[in-house]
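We have chain A; now place chain B onto it with these hints.
Each protein sequence line maps, in turn, to chains A and B. The opening position of the first sequence corresponds to residue 1 in full-length UniProt numbering, with each subsequent residue numbered one higher. The opening position of the second sequence corresponds to residue 1 in full-length UniProt numbering, with each subsequent residue numbered one higher.
There could be a bad hint or two in this list.
As the list claims (entries may be wrong) - Listed next, with one range per pair, are the computed distances between beta-carbon atoms: (1) F107/B x F123/A: 50 to 56 Å; (2) V116/B x P36/A: 55 to 61 Å; (3) Q167/B x P108/A: 34 to 40 Å; (4) G105/A x I109/B: 49 to 55 Å; (5) A83/B x D226/A: 53 to 59 Å; (6) G105/A x F93/B: 34 to 40 Å; (7) T15/A x A135/B: 50 to 56 Å; (8) G105/A x L193/B: 23 to 29 Å; (9) A135/B x H82/A: 51 to 57 Å; (10) F93/B x G118/A: 40 to 46 Å; (11) L43/B x E136/A: 48 to 54 Å; (12) G105/A x D136/B: 46 to 52 Å; (13) Q167/B x G13/A: 17 to 23 Å.
What the hints assert, rightly or not - Chain B is faced by these chain A residues, among others (derived, beta-carbon under 10 Å): (14) G50; (15) E73; (16) I76; (17) L78; (18) Q81; (19) H82; (20) Y83; (21) L85; (22) G98; (23) L99; (24) S100; (25) V101; (26) P155.
Unchecked claim - For the chain A half of the interface with chain B, some residues (derived, Cβ under 7 Å), not all of them: (27) A49; (28) L51; (29) A71; (30) G72; (31) F80; (32) A84; (33) F86; (34) H88; (35) F97; (36) I153.
Quick caveat, the hints were computed from the structure, so don't treat them as lab data. Predicted, not measured: the structure shown is a model, and the values here were computed from it. All residues carry an ideal CB built from backbone N, CA and C; glycine is no exception.
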Amino acid sequence: MSLVISHLARRFGPTPVLRGIDLAVEQRELIALLGPSGSGKTTLLRIIAGLDWPDAGGLSFDGDDWLARSAGERRIGLVFQHYALFPHMTVRDNIAFGLSVRPRGNRPDRAGIADRVGRLLRFLQIEGLADRYPAELSGGQRQRVALGRAMAIEPRVLLLDEPFGALDAQVRRDLRRWLRGVHDSTGTTTIFVTHDQEEAFELADRVVVMNAGMIEQAGRPDEIYDHPATPFVARFLGLTVEVPVAMRAGRAEAAGLDLTALPRRAIPDGPATLFLRPADIQPLPDPAAPFRVTEIVSTGALLRIMARDDAGCRIEAEIPRRDGRDLREGQPVALRPVTGQIFPAGGTLAARAPATPVTLKEAFA
Amino acid sequence: MNAMTSGSARPGRHVPLLLIALAITLTAVVVAVPLVYILWRALSEGFAVFAQNILAPDTLHAIWLTTLVAVITLPVNLAVGIAAAWLIARFTFPGRKALLTLIELPFSISPIIAGVCYLLLYGRQGLLGPALAEADVTVLFALPGIVMVTLFVTSPFVTREVLPLMQAQGSEQEQAALTLGATGWQVFRRVTLPNIRWALLYGAVLATARAVGEFGAVSVVSGAIRGQTNTLPLQVELLFNDLNTVGAFAAASTLTVIALIVLVVKTLVEGRART
Chain A
1 MSLVISHLAR RFGPTPVLRG IDLAVEQREL IALLGPSGSG KTTLLRIIAG LDWPDAGGLS
61 FDGDDWLARS AGERRIGLVF QHYALFPHMT VRDNIAFGLS VRPRGNRPDR AGIADRVGRL
121 LRFLQIEGLA DRYPAELSGG QRQRVALGRA MAIEPRVLLL DEPFGALDAQ VRRDLRRWLR
181 GVHDSTGTTT IFVTHDQEEA FELADRVVVM NAGMIEQAGR PDEIYDHPAT PFVARFLGLT
241 VEVPVAMRAG RAEAAGLDLT ALPRRAIPDG PATLFLRPAD IQPLPDPAAP FRVTEIVSTG
301 ALLRIMARDD AGCRIEAEIP RRDGRDLREG QPVALRPVTG QIFPAGGTLA ARAPATPVTL
361 KEAFA
Chain B
1 MNAMTSGSAR PGRHVPLLLI ALAITLTAVV VAVPLVYILW RALSEGFAVF AQNILAPDTL
61 HAIWLTTLVA VITLPVNLAV GIAAAWLIAR FTFPGRKALL TLIELPFSIS PIIAGVCYLL
121 LYGRQGLLGP ALAEADVTVL FALPGIVMVT LFVTSPFVTR EVLPLMQAQG SEQEQAALTL
181 GATGWQVFRR VTLPNIRWAL LYGAVLATAR AVGEFGAVSV VSGAIRGQTN TLPLQVELLF
241 NDLNTVGAFA AASTLTVIAL IVLVVKTLVE GRART
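With the rest of the complex left out, here is chain A (with noise of 0.2 Å):
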């Protein structure tokens, strides 16, 4: 157990931000805070750093009471989204500064400072620009300089905020692919925030999903991307297809909808609602379906199918462009989802512990 974090709260003026954080992160773990802006994960990470302060609750790292510590006392490395380097000190000034600025009974010699400054600059593949200025570095090589000047005072826990956030997109994989491959050579407990989920999804161990300041599930991204525990999870993991359905018996019913695919839930009788992925229904050609096609675009690879009923639900679905050679604009369909999630009507499943419905694919598994 290395940081812990208990019924963490914060509130700025009347505003709550965080509503009761509890995380533990291992040593070595690589967490990623997911969720959308306004989701409180940016202040948990300052908070983490000693840069903001909760109203309530507790922050330790291995016993250590942190809420008691200055950031600085606390040794973490924190990479800002825009990275804020100096911008009067070359790379190699901004790496050196966190030794630099030490007590001199504690300070590595000048000799010393140069060699561990050297030493991150090659880790870093940065050696070239050693006597830059930020200002003449690309986004990519600022982002770089940045962990750099957060790793060489070897800091206890990493903490990353947006850190692709500012980049484009190819530059974006490839620093992700090189974070994992810092992250997995020098072990260093790293948190990094972001509301990419396939940043989030692709780099960390283990994955919080944040939303209105308090974490709706926390896991691993496969375990999480197969059992959404909320609705909302759902919804931010692209199931964004809401279907009011009716449960009996385990089993869920709609009118025009095949749920035979769907496994039984023991979720009671009584309404409910059904999350799909689009990519997950089947429109199936069916004269005497309630469901008619609306509309149909094609995205290339895909076909984007539109349907509504006469009661006026509209459903989305996305299949391959040659599984839908058949369909026409106001045909009749059956939609037939092949997995989903759901969820009682106005609650989330059983409280917000990790949850294990069943999917069709395991059920077949």
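Just chain B, lined up with the frame of chain A:
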């Protein structure tokens, strides 16, 4: 054909020339000629007379006093200006806007009003007059009064130059330095100060120019005692009223030379402060 029509149809061929001529004439009449004339008149009776006038004890004392006032006010302006800019840029607190307005107030108030305020507050019949007299502290018609009123007039310059820069740069660099283990002083010395150094220098130059040249406020509180509380601008007026034209012009030229030096420094600094 097309080129001809467009050439002759273009209306404003002479307008730019006219404007340039107007600008040059105006600058010459209003600024350049008077400045050159001051130097010319100051030296009109030969350099010996000029030097003699400059070295007249009263004028020499005025130069000394003006320099002293500038040297005392500068560090105070720097310290207070940085502190105020930092406070306003880095913190939100009730009364922040009001403080900003208050800091800029001296810009919009006529200096002579500042002088009169000091007179009413510290004068013998003023609010604090009796108490000061009891404690045997002289403010008015002495160096403290001159310094204080000069501070009043020059106080906005540093904050005005530094604040926008601090606001634009935000506090992330300082926070980064804190997380890297720097102490408050180290953050200021190695991160904050280097970032604002040119703006700071620019503000200091402006404040010093104003401190050297201030007339209105100082004339009220100094009492203009020859050889004692006469600053250089006051000395110029005094000599002028004495019909000592060469003396007045000599003193004025000294002031002008100081102003020109400041102007050159300002121009050099300005380019860097804006980047």
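Hints and how they fare:
| no. | hint | verdict |
| --- | --- | --- |
| 1 | F107/B x F123/A: 50 to 56 Å | holds, 53 Å |
| 2 | V116/B x P36/A: 55 to 61 Å | holds, 59 Å |
| 3 | Q167/B x P108/A: 34 to 40 Å | holds, 36 Å |
| 4 | G105/A x I109/B: 49 to 55 Å | holds, 53 Å |
| 5 | A83/B x D226/A: 53 to 59 Å | holds, 57 Å |
| 6 | G105/A x F93/B: 34 to 40 Å | holds, 38 Å |
| 7 | T15/A x A135/B: 50 to 56 Å | holds, 52 Å |
| 8 | G105/A x L193/B: 23 to 29 Å | holds, 25 Å |
| 9 | A135/B x H82/A: 51 to 57 Å | holds, 55 Å |
| 10 | F93/B x G118/A: 40 to 46 Å | holds, 45 Å |
| 11 | L43/B x E136/A: 48 to 54 Å | holds, 51 Å |
| 12 | G105/A x D136/B: 46 to 52 Å | holds, 51 Å |
| 13 | Q167/B x G13/A: 17 to 23 Å | holds, 21 Å |
| 14 | G50 | holds, 7 Å |
| 15 | E73 | holds, 8 Å |
| 16 | I76 | holds, 6 Å |
| 17 | L78 | holds, 5 Å |
| 18 | Q81 | holds, 9 Å |
| 19 | H82 | holds, 7 Å |
| 20 | Y83 | holds, 9 Å |
| 21 | L85 | holds, 8 Å |
| 22 | G98 | holds, 4 Å |
| 23 | L99 | holds, 9 Å |
| 24 | S100 | holds, 8 Å |
| 25 | V101 | holds, 4 Å |
| 26 | P155 | holds, 9 Å |
| 27 | A49 | holds, 6 Å |
| 28 | L51 | holds, 5 Å |
| 29 | A71 | holds, 5 Å |
| 30 | G72 | holds, 4 Å |
| 31 | F80 | holds, 5 Å |
| 32 | A84 | holds, 4 Å |
| 33 | F86 | holds, 6 Å |
| 34 | H88 | holds, 4 Å |
| 35 | F97 | holds, 6 Å |
| 36 | I153 | holds, 6 Å |
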